[in-house]
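Given the coordinates of chain Y, work out where chain V should sit on it, guided by the hints.
There are 2 protein chains.
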Amino acid sequence: MKVTKGTKKLVDILSALPGIGPRQAIRLTFHLIRQGHGIQKELEDAIKDLGVAKICSQCFYIHENPGKLCDICLDAGRDHTTIAIVEKETDLISIENTGKYRGRYLIIGELGRGGVLEPDQKLKLKSLKTWIVKNHQGSVREIIIALNPNTQNDFVANQISNELRDLAGKITRLGVGIPSGGEIEFADDETLGGALKGRG
Amino acid sequence: MKVTKGTKKLVDILSALPGIGPRQAIRLTFHLIRQGHGIQKELEDAIKDLGVAKICSQCFYIHENPGKLCDICLDAGRDHTTIAIVEKETDLISIENTGKYRGRYLIIGELGRGGVLEPDQKLKLKSLKTWIVKNHQGSVREIIIALNPNTQNDFVANQISNELRDLAGKITRLGVGIPSGGEIEFADDETLGGALKGRG
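Taken in sequence, the protein lines are chains Y and V.
According to my numbering, the first sequence is numbered sequentially starting from 1.
According to my numbering, the second sequence is numbered sequentially starting from 1.
Bound-form chain Y, shown alone (with noise of 0.2 Å):
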């Protein structure tokens, strides 16, 4: 492939990020190269800008407040109860975005294959525990593990929940059903036995 050094170094860089591949790597290359120094440099800076977001000591979601706690965590208005575990960043949003939950949330991290918690992802589950008994008397009101519904992640989730046990009044996941707009018909056996379950 015929192509400029500081082309092949952003190629390189691109395709190393999550979900985007070595041909999308390079048209994003061409694109940014034709649209010319502006969009560049736009670019360059809400980069450099990233630097200043901070990870909540408490949740660890994203945040650019003078202490340590995010605006999730510092919201009086919440309940801070409830506890959600969720994979990643974008899960919180998603969950934010219903509009649906009031309580606090733990990012743990993206889980790997193996259906295994990482060392860092157990010390955050540790660091939970320790806030629990240093604020709630050791005891909340309810975790709800919001993992992704599979056999993997059941198998994670199981180990969290054992971990808690002691630490909450309840250890909720998230239901398992047909998504609304989807058909009974396409559902997979997992799905509908869900769905039968959390009728109501």
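It cannot be assumed that every hint is accurate.
[To be verified] When the alpha-carbon atoms are kept at most 20 Å apart in a straight line, the in silico EDC-like pairs for lysine to aspartate or glutamate are as follows:
# : chain 1 : residue 1 : chain 2 : residue 2
1 : Y       : K48       : V       : E42
2 : Y       : K8        : V       : E42
3 : V       : K41       : Y       : D12
For the record, the hints were derived by calculation from the structure and aren't laboratory data.
For chain V alone, kept in the frame of chain Y given last:
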């Protein structure tokens, strides 16, 4: 969506890039935040280095040479009387990667929906005409219209063909046929018709 200002800005810029949807933009942004300053700086620098890429005044491919021409246009070992007209840089790269083409190129830029050439695409064809008149006494050996084969591009190819008719010994298009590894059973009529026409 509760994200920081810096995050929002990068998400907006990334979503505006071709092939990146809002969801992937969010995912990429959080990835960059999580990966931290090292990868952010690398990406910033790589984008900054794009600044030195220049566009060839003859074929409109990129280069970093001191003059106005790219490596392909400067290569005296190539056949400068055969010109492949391609839509975009990635098409040029794909053709180069076959190792089967030794002519030069003209990148006319991505075609719009209407099947009509934009003013700047007409200017590029005009610059090719001028070049042929000046360097090859008004006629080259062959012009290959190397556009993706589809109905809309047939129309564009006809326009280009009419424009350049008197300037080349022959004007051709890429062969339509069954892709290598593909199956006759699943080929549409146009493809199979092309394969029959191009048999040999």
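- prompt: Keeping to a limit of 20 Å between CA atoms, is the pair of K8(Y) and E42(V) held or broken?
  reply: Satisfied, since the Cα-Cα distance of roughly 13 Å is no more than 20 Å.
Hinted pair K41(V) and D12(Y), Cα distance within 20 Å: Holds. K41(V) to D12(Y) sits at ~14 Å (cutoff 20 Å).
- prompt: Straight-line Cα separation of K48(Y) and E42(V) no greater than 20 Å?
  reply: holds (11 Å)
Violation of the numbered hints given earlier is absent; every hint is satisfied by the structure.
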